[in-house]
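Student: For reference, the chains in residue letters:
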Amino acid sequence: GAVVSQHPSRVICKSGTSVKIECRSLDFQATTMFWYRQFPKKSLMLMATSNEGSKATYEQGVEKDKFLINHASLTLSTLTVTSAHPEDSSFYICSARVLAGDTGELFFGEGSRLTVL
Amino acid sequence: AQSVTQLGSHVSVSEGALVLLRCNYSSSVPPYLFWYVQYPNQGLQLLLKYTTGATLVKGINGFEAEFKKSETSFHLTKPSAHMSDAAEYFCAVRKGGATNKLIFGTGTLLAVQP
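Protein chains in written order, with the numbering used here: chain A, 1 to 117; chain B, 118 to 231.
One should not assume that every hint holds.
[Claimed, not checked] Subject to a maximum C-alpha distance of 25 Å in a straight line, what follows is the list of computed DSS-like cross-link-like pairs (lysine-lysine):
{"hint": "1", "chain 1": "A", "residue 1": "K64", "chain 2": "B", "residue 2": "K185"}
{"hint": "2", "chain 1": "A", "residue 1": "K20", "chain 2": "A", "residue 2": "K55"}
{"hint": "3", "chain 1": "A", "residue 1": "K55", "chain 2": "B", "residue 2": "K212"}
[Unchecked claim] Just so you have them, the derived chain B footprint on chain A, three or more residues with Cβ under 8 Å:
{"hint": "4", "region": "20 to 28"}
{"hint": "5", "region": "106 to 114"}
I should point out that these hints are in silico values taken from the structure, not numbers from a laboratory.
Ideal Cβ positions, reconstructed from N, Cα and C, are used throughout, including at glycine.
Extracted from the complex, chain A is given alone in its bound form:
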């Protein structure tokens, strides 16, 4: 199956700093990627849809100025948590849809655990 890779897998930062998480599709092109946030012992919450070459579409209640998404190429989307605070600590997971032959399946990255001190 298709491979989606996230980096870093873990990051610890100080409050007030910005953190960038990368999501790469390694063996396929993805016009659309999705960013999810998962709280401890909770389900995945869709944050935004990242579209290559255009602005991301944010879900209701997600601050677009807080969570900056850039999808500069068909294989890379980045999520930047700006001015991070402890409440932003979470597990962030990206997923990508295969460009061709879409069957409705999404491939997920390994996740990135953010801890804000």
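Assemble the complex: chain A is given as a structure, and chain B must be docked to it using the hints.
Tutor: Chain B only, in chain A's frame:
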């Protein structure tokens, strides 16, 4: 609007016993349904999916699920649990349209006792 309900946030079975994880969905259009597994501190791995056709879907690691439209259910089963099956399981429904968004259930943590 689509939604997913997973009954039972925690399920515990003995090794070798039947695994049954419940999922009910709500969808205004014919649904695409998925089961994913998540191991600690990892992303999600697709177990199986239903799009169209045969209602009994077989997935990886011996899991299967049956789409029952009359019951709006898509329960996940495995005849004999293995210790390595201990993980979090998520049922998901694909949101309508071309966006391919997935709506996830709240998850069921499966524990397998020796």
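Student: Hint by hint, note whether the structure agrees.
Tutor: How the hints compare with the structure:
A distance of roughly 39 Å separates the Cα atoms of K64/A and K185/B; the hinted pair therefore is violated under the 25 Å criterion. This hinted pair checks out: K20/A and K55/A have alpha carbons roughly 17 Å apart, not beyond 25 Å. For the hint linking K55/A to K212/B, the alpha-carbon distance of about 20 Å falls within 25 Å, and the restraint holds. By the rule of at least three residues with a Cβ nearer than 8 Å to a Cβ of chain B, the coverage given for the region 20 to 28 of chain A is violated, with 0 such residues.
A count of 7 residues in the region 106 to 114 of chain A with a Cβ less than 8 Å from any Cβ of chain B is obtained; the coverage claim is therefore met, three being the minimum.
Checked against the numbered hints given earlier, the structure breaks hints 1, 4 and satisfies all the rest.
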